[in-house]
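**Q** Chains A and B are the protein sequences, given in the same order.
By the numbering used here, the letter at position 39 of the first sequence is numbered 39, and the numbering carries on one by one without gaps.
In the numbering used here, each residue's number is its place in the second sequence (first place is 1) plus 1000.
No lab work stands behind these hints, which were simulated from the structure alone.
Errors might be hidden in some of the hints.
As the list claims (entries may be wrong) - DEER-style ranges, computed between Cβ atoms: (1) R43/A <-> D1418/B: 43 to 49 Å; (2) R130/A <-> D1306/B: 20 to 26 Å; (3) R130/A <-> G1191/B: 29 to 35 Å; (4) L20/A <-> Q1345/B: 55 to 61 Å; (5) R1309/B <-> L20/A: 45 to 51 Å; (6) E1254/B <-> V68/A: 15 to 21 Å; (7) C46/A <-> E1317/B: 29 to 35 Å; (8) G134/A <-> E1490/B: 33 to 39 Å; (9) C46/A <-> Q1423/B: 33 to 39 Å; (10) L20/A <-> G1193/B: 56 to 62 Å; (11) R130/A <-> G1499/B: 32 to 38 Å; (12) R1309/B <-> R50/A: 33 to 39 Å.
Said to hold, decoys possible - Just a few of them, taken from the derived set where beta-carbon distance is under 7 Å, the chain A residues facing chain B: (13) R94; (14) L118; (15) C124; (16) L131; (17) V133.
Ideal placement from N, C-alpha and C gives every residue a C-beta, glycine not left out.
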Amino acid sequence: MVHIHDDDVQSDGFCINDHLDLLIEVLKRLDGRSLGAAACVCRQWCAIARNDSLWEHLCFRHVSPQPVGVRPVVSALGGYRRLYMVCVRPVLSRLKRRRIGSESEVVRRVWSQHEVELSLSLFCVEYYERLLVGGGRVAGDSPASSLKFLCMPVNV
Amino acid sequence: MGPYDSSISPAAGSSNSSSSACSSSTKPPPPDQMDHLLAGAGYKVRSNELNQVAERLQHLETVMVKSLPVDISEMVNDAVYYNPTDLASWVDSLLTELNTNVTVPEPVPVNTDLSDLHEFPSGMNVYGSNHAPEMHGEFSQQAVTPLEEDVSIRLVHVLMTCAEAVQRGDLSLASLLIDDLQALLGRVNSGCGIGKVGSFFVDALSQRVVNSPENGVVQVELTAYENEILYHHYYEACPYLKFAHFTANQAILEAFDGQDCVHVIDFNLMQGLQWPALIQALALRPGGPPLLRLTGIGPPSNDGRDSLREIGLKLAELARSVNVRFAFRGVAASRLDDVKPWMLQVSPKEAVAVNSIMQLHKLLGPGPPIDLVLDWIRDLNPRILMVVEQESNHNQPEFLDRFTESLYYYSTMFDSLDACTAQPEKSLAELYIQREICNVVCCEGSARVERHEPLVRWRERLTSAGFAPLHLGSNAFKQARMLLTLFSAEGYSVEENEGCLTLGWHSRPLIAASAWQAIPKPSPATMGR
Chain A
1 MVHIHDDDVQ SDGFCINDHL DLLIEVLKRL DGRSLGAAAC VCRQWCAIAR NDSLWEHLCF
61 RHVSPQPVGV RPVVSALGGY RRLYMVCVRP VLSRLKRRRI GSESEVVRRV WSQHEVELSL
121 SLFCVEYYER LLVGGGRVAG DSPASSLKFL CMPVNV
Chain B
1001 MGPYDSSISP AAGSSNSSSS ACSSSTKPPP PDQMDHLLAG AGYKVRSNEL NQVAERLQHL
1061 ETVMVKSLPV DISEMVNDAV YYNPTDLASW VDSLLTELNT NVTVPEPVPV NTDLSDLHEF
1121 PSGMNVYGSN HAPEMHGEFS QQAVTPLEED VSIRLVHVLM TCAEAVQRGD LSLASLLIDD
1181 LQALLGRVNS GCGIGKVGSF FVDALSQRVV NSPENGVVQV ELTAYENEIL YHHYYEACPY
1241 LKFAHFTANQ AILEAFDGQD CVHVIDFNLM QGLQWPALIQ ALALRPGGPP LLRLTGIGPP
1301 SNDGRDSLRE IGLKLAELAR SVNVRFAFRG VAASRLDDVK PWMLQVSPKE AVAVNSIMQL
1361 HKLLGPGPPI DLVLDWIRDL NPRILMVVEQ ESNHNQPEFL DRFTESLYYY STMFDSLDAC
1421 TAQPEKSLAE LYIQREICNV VCCEGSARVE RHEPLVRWRE RLTSAGFAPL HLGSNAFKQA
1481 RMLLTLFSAE GYSVEENEGC LTLGWHSRPL IAASAWQAIP KPSPATMGR
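Next comes chain B alone, as it looks inside the complex (with noise of 0.2 Å):
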């Protein structure tokens, strides 16, 4: 039988489950099949022997690590004899071997509900179990945290499990899996960690298994207001976007030391947080404010008013009232290649910024926009490139890797926005995260927008589009640690790497800021041609 029998049945384990939670539909399989996802590991184990085998493995370790090393020196000095596939088998062989007293204590009448969990899924680190053998007389009190835990880890792997799936496309098992994932889900603390982002996760998977896999689902497009809503709450609970912001400014106010016309191009306005912050520090430079030319790209908006416009009238409201003269022009584009060099009216006599917060990688879909772009933006010969991306590779051609790299990423980020305690700030960030997991799992082809790539790539491919990378200084450095300090979990981080800053969740680096000046290219003239 192949390690995925059509047969197969959801979490229920072998027995009569008493958990209420459990809503799978299908019938259990006949208690002596072999648990089907160890199976797919490579090892074969009965359903209703899970249980057993699993405190004997305990047993075992126990015995190991109290024993003497000259008892045990035989046993591990030696070949195995055994095969290890047949677990039950080989580790009461084991245990004969170390002439230990092989009758394990009774189990514990135990809630048969923890008979599928005991499970060891391969190349996961089974963390926090620590159950020694003496705690088995307390076995069934001995709690909620290794239970939690341990269906935590079984909802990670039958997430990949189920990604490998419908990788393969067989969405048969895709779904039989799923139902165990909604299963699991109700099990598992929903309002954070693991259980949150799982449950985005599996509705996420159930689209691309329900719609088309192959061609990907396209996302229903919001409003621009409601964009706006979602990415002004995502501002407000979490410090990514703060941070990409305060770093870009002071980036592009060093940039723009001693000029008296600059002129900063942003390729994406929404509501124009980032810049007044940069007009106040430019009204307090030493020397004056220069004249300020703010160019703003941004989707048309589809409910009638025009928003660029409106932004750009607050933002020239809050220049007026600093002493900065400032002019603005919007430039409306639903697609960054849409733009054209011309609609931005940039001046030879001016300094330029160009300023891309999480855009650039809107742009790798098929074709090649991303290098048209790039060399226009080169062409306009921009005093900084300012780049901020997700510090993740969201962007490989196998699904799977794609899934796994972005669970982990939104798992950390979704603990570090559980500091957050902000309501409504909260729900909408999480909401906001919730369309970006859904377009890296579910869209495909041109519908699929978030094509993260780590900072490593994106240096390559800046490189040689003809940038030079600029370092951020000192002080992007420690003004970014210190509006880290300001936010009230200890967890967030910030790095510097190779003239870079990142900003990570406990030594994860979630998102990644770096600064480019455009190397001028060779003129015709001088070359010869």
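Chain A with its partners taken away, still in its complex shape (with noise of 0.2 Å):
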């Protein structure tokens, strides 16, 4: 990042970090694998790019109807973030390949209600096993497993 200081700045020079309103819309409307490397850029982007509510945008942008009330439930179990790393992609991601097949781009779909039910319970029993985990009562070694079928390679 260019940071043009004010004595040799023309005067229509601008700075994104400066206008973090703009930033934050830009944000707004990425995909996931951008938000996430938006989050690598610097310190100043990974702190407002982990911010909760962007990613509460990026899963359900394209659910209608918006979902209500969901907020805290989700933020208990974990927050947006996780949720759409854990669930929400490797959902859209399996569901995608099963319906088409043939696009190779994320598809911009609209999320039915089913859907977003389906991928909240997910979160809410990987959540729960982590608990499970944490009071040593599963066997120990393997991480909160009961989403492990969604990141197994697809057998097509």
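From these two lone chains plus the hints, build me the complex, please.
**A** Here you go:
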């Protein structure tokens, strides 16, 4: 990032870091991978990109109708960023691959209510399994693995 | 001589077998012995002629397929002249009739191991055997695939024969056949498919034969912790339990619509993996969450920990973080019929849901426990009774029927498990299933708890016990289908069957979920008694 100091600036110099609301507006429109990459740019961007509301926007941007009252639940279970990484992204890619199979990019499709509910349920089960591991009840070495099946390569 | 001669020998065949995998210890029979397995089916063929007869049959088949209908019309329209029991001469006579060149091409000097593989077990479809005569020259290269398929077919056939021997009480034959089976298992790929499930069945049969086959063996009890581990890995490796949980939760959620005080009774709490999703769904329901009470029934812990209470605490923690008022109660009982209704402390103001995931079949043993239990369930007046059971009939009185049915059922289940690659989930899941197999095959009386019955039987039973079916809605169906698409294997299928959902592998249903509602008993006052 080039910081243009006031003394040698041209009058129309612009630095995005001075306009964080604009930055957030831009980040809101990115897909998950880009958002993750943005978090690697610098510490400031990392702090901003970790803001859970950005990820909330990412998760439910395409949901119709917008789910109500989900936020406290998701926050309690680990936050939207975790929800995206653990559930939404694998679910979306798995469903897309099944239904269409030929498009190579992330499809901007509208989620249905069912898909939202299923993702949230899976997220909750995953949170619970972390609780179990935390208490030493599950065979210790495997991480919360209920969603492992989502990460396994699809055998098409 | 009877079909089962006492001097029979295992698969070694009639000549020195060069296969090192054959671990049989008895000597091979004299070469002109009648093959005992075909004899059991009613055909008399000498063991040393098997190869030739097989080739002639193939030749006959090719000729018949290739001939013009007019050439063979004479043959097919007339009665059979020759006694087909004596396969060798029957085939020769048919070939002569067709005026074909009877001199079958020189049998290629094939590995003598093949001599015992060309068997056509009665009643089984010989799938995949498409040897055409023009490939005779390449016979020995033809492959591993038909070879292995033949071994698999034979494995299944010998398994059935052995089970039949056990049913008849002919233990000496059964022991010999088990040696046969061990040898066969050495030659088939036991990492997958019929080899793997076959090895479990062979183990179970040999346990039964060695120990008392009448009274059955008693399975070694695992500790509660070991049970939980196996169950958890079974949950991870295949979708059956997830399907059960999600479908049950959806039905319970719909039944609790509009209720402020709800009480769920779980017949087998294990680690409570079913309930987080319900708690979360209740937290998000329009109108806010109700007060949720959960009563979990489980075996008393034999290792000093109070596992029921621990699970209750975890669930309570989860419920607290999503702001659902929650109360938990654990009931320790080693058998479901030990549970008395007063232990559940159901209050009349609350809506009750009873959840039984693969538990009710354990009550189908000797005695009337199932009727008593269904009776007190009905007395609780639940808004919904959720029943998920294995879709198979492993409770038939005849051993052979049970054996056959379970062989096909568990083969299908293992097929579906093949798609899972995660270890150690897969091996432990297989161990879990192996214990079920062992219970079905080896145990008898009250030790045999895996008494699965198909959906139609459960429907009859529950209807006559005073329950009315509730249709699982389209939401449950859609959710189940979506859950299935998330699994990597393509073979799973969800079907709807008169309001019940079944999950299966390639159109063989393996697990069935149904919902029921209690019909209130007519009270004595209104009956005028």
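**Q** All hints are to be evaluated individually against the structure, with a verdict given for each.
**A** Status of each hint after checking the structure:
no.: 1; hint: R43/A <-> D1418/B: 43 to 49 Å; result: holds, 48 Å
no.: 2; hint: R130/A <-> D1306/B: 20 to 26 Å; result: holds, 22 Å
no.: 3; hint: R130/A <-> G1191/B: 29 to 35 Å; result: holds, 33 Å
no.: 4; hint: L20/A <-> Q1345/B: 55 to 61 Å; result: holds, 56 Å
no.: 5; hint: R1309/B <-> L20/A: 45 to 51 Å; result: holds, 49 Å
no.: 6; hint: E1254/B <-> V68/A: 15 to 21 Å; result: holds, 19 Å
no.: 7; hint: C46/A <-> E1317/B: 29 to 35 Å; result: holds, 31 Å
no.: 8; hint: G134/A <-> E1490/B: 33 to 39 Å; result: holds, 35 Å
no.: 9; hint: C46/A <-> Q1423/B: 33 to 39 Å; result: holds, 36 Å
no.: 10; hint: L20/A <-> G1193/B: 56 to 62 Å; result: holds, 60 Å
no.: 11; hint: R130/A <-> G1499/B: 32 to 38 Å; result: holds, 36 Å
no.: 12; hint: R1309/B <-> R50/A: 33 to 39 Å; result: holds, 37 Å
no.: 13; hint: R94; result: holds, 5 Å
no.: 14; hint: L118; result: holds, 6 Å
no.: 15; hint: C124; result: holds, 4 Å
no.: 16; hint: L131; result: holds, 5 Å
no.: 17; hint: V133; result: violated, 11 Å
Hint compliance for this structure: hint 17 is the single one not met.
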